[in-house]
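Peer 1: Numbering (our numbering), first residue to last: 22 to 176.
Keep in mind the hints are simulated off the structure, nothing from the lab. Treat each hint with caution, since some may be false.
Mimicking SDA-like on lysine to any residue, the simulated pairs with C-alpha atoms at most 25 Å apart in a straight line are [to be verified]:
id	residue 1	residue 2
1	LYS72	GLY48
2	LYS93	THR146
3	LYS23	LEU140
Simulated DEER-style distance windows between Cβ atoms [said to hold, decoys possible]:
id	residue 1	residue 2	range
4	ASP134	TRP82	22 to 28 Å
5	LEU174	VAL52	18 to 24 Å
6	LYS92	GLN149	28 to 34 Å
7	LYS93	PHE123	23 to 29 Å
Predicted model only: the values in this text are computed from it and were never measured. The beta-carbon is built from N, C-alpha and C at its ideal position, and this holds for glycine as well.
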Amino acid sequence: MKTHFIKMFGYNLFANQQLIQTMEANGSPEVTLKLMGHLLAAEQVWLERCKLIPSSLPNTWPENVTIEQCKKQVPERYEAWVTFLNEIDEEDLNSIIPYHSFTGDYFENQLGDIITQVLNHGTHTRAQIGQQLKFAGTKTLPVTDYSYYLRVLNS
Numbered sequence: 022m023k024t025h026f027i028k029m030f031g032y033n034l035f036a037n038q039q040l041i042q043t044m045e046a047n048g049s050p051e052v053t054l055k056l057m058g059h060l061l062a063a064e065q066v067w068l069e070r071c072k073l074i075p076s077s078l079p080n081t082w083p084e085n086v087t088i089e090q091c092k093k094q095v096p097e098r099y100e101a102w103v104t105f106l107n108e109i110d111e112e113d114l115n116s117i118i119p120y121h122s123f124t125g126d127y128f129e130n131q132l133g134d135i136i137t138q139v140l141n142h143g144t145h146t147r148a149q150i151g152q153q154l155k156f157a158g159t160k161t162l163p164v165t166d167y168s169y170y171l172r173v174l175n176s
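Go ahead and model the full structure; you've got the sequences and the hints to work with.
Peer 2: This is the structure:
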């Protein structure tokens, strides 16, 4: 399962980079920057929770996000997650991670479930960004299907 998650973070990197290129080519509408900033902040917050360290961010909605920040943070988040996954054992995916939400509520989730949440959240938020790009007049969105990523990976 660990290998699967590493592969999925590769897809996450690919899809994020594809979308950022389209955002930049279409003037980086503010709402898309806000959403991409949220996606990247959530990836960081969840990783810190998985590492059992305090959050370095006050929330998952950073202010004044720039396309340059996004372009820098996408590969950084990928590297951080893959490094974390390479440092744990397969059985660690079953471990329970305790954490507090930003409102102070206490929760516990299995590490593998948290990783699934991070990846699904990325897909959901990229869809929102794509929708906002269309609303802003973007004619063509990048292909970010997982099957397309596999074709690119295997070509």
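Peer 1: Hint by hint, work out which the structure violates, then give me just those numbers in ascending order.
Peer 2: Violated hints: 1, 5, 6; rest satisfied.
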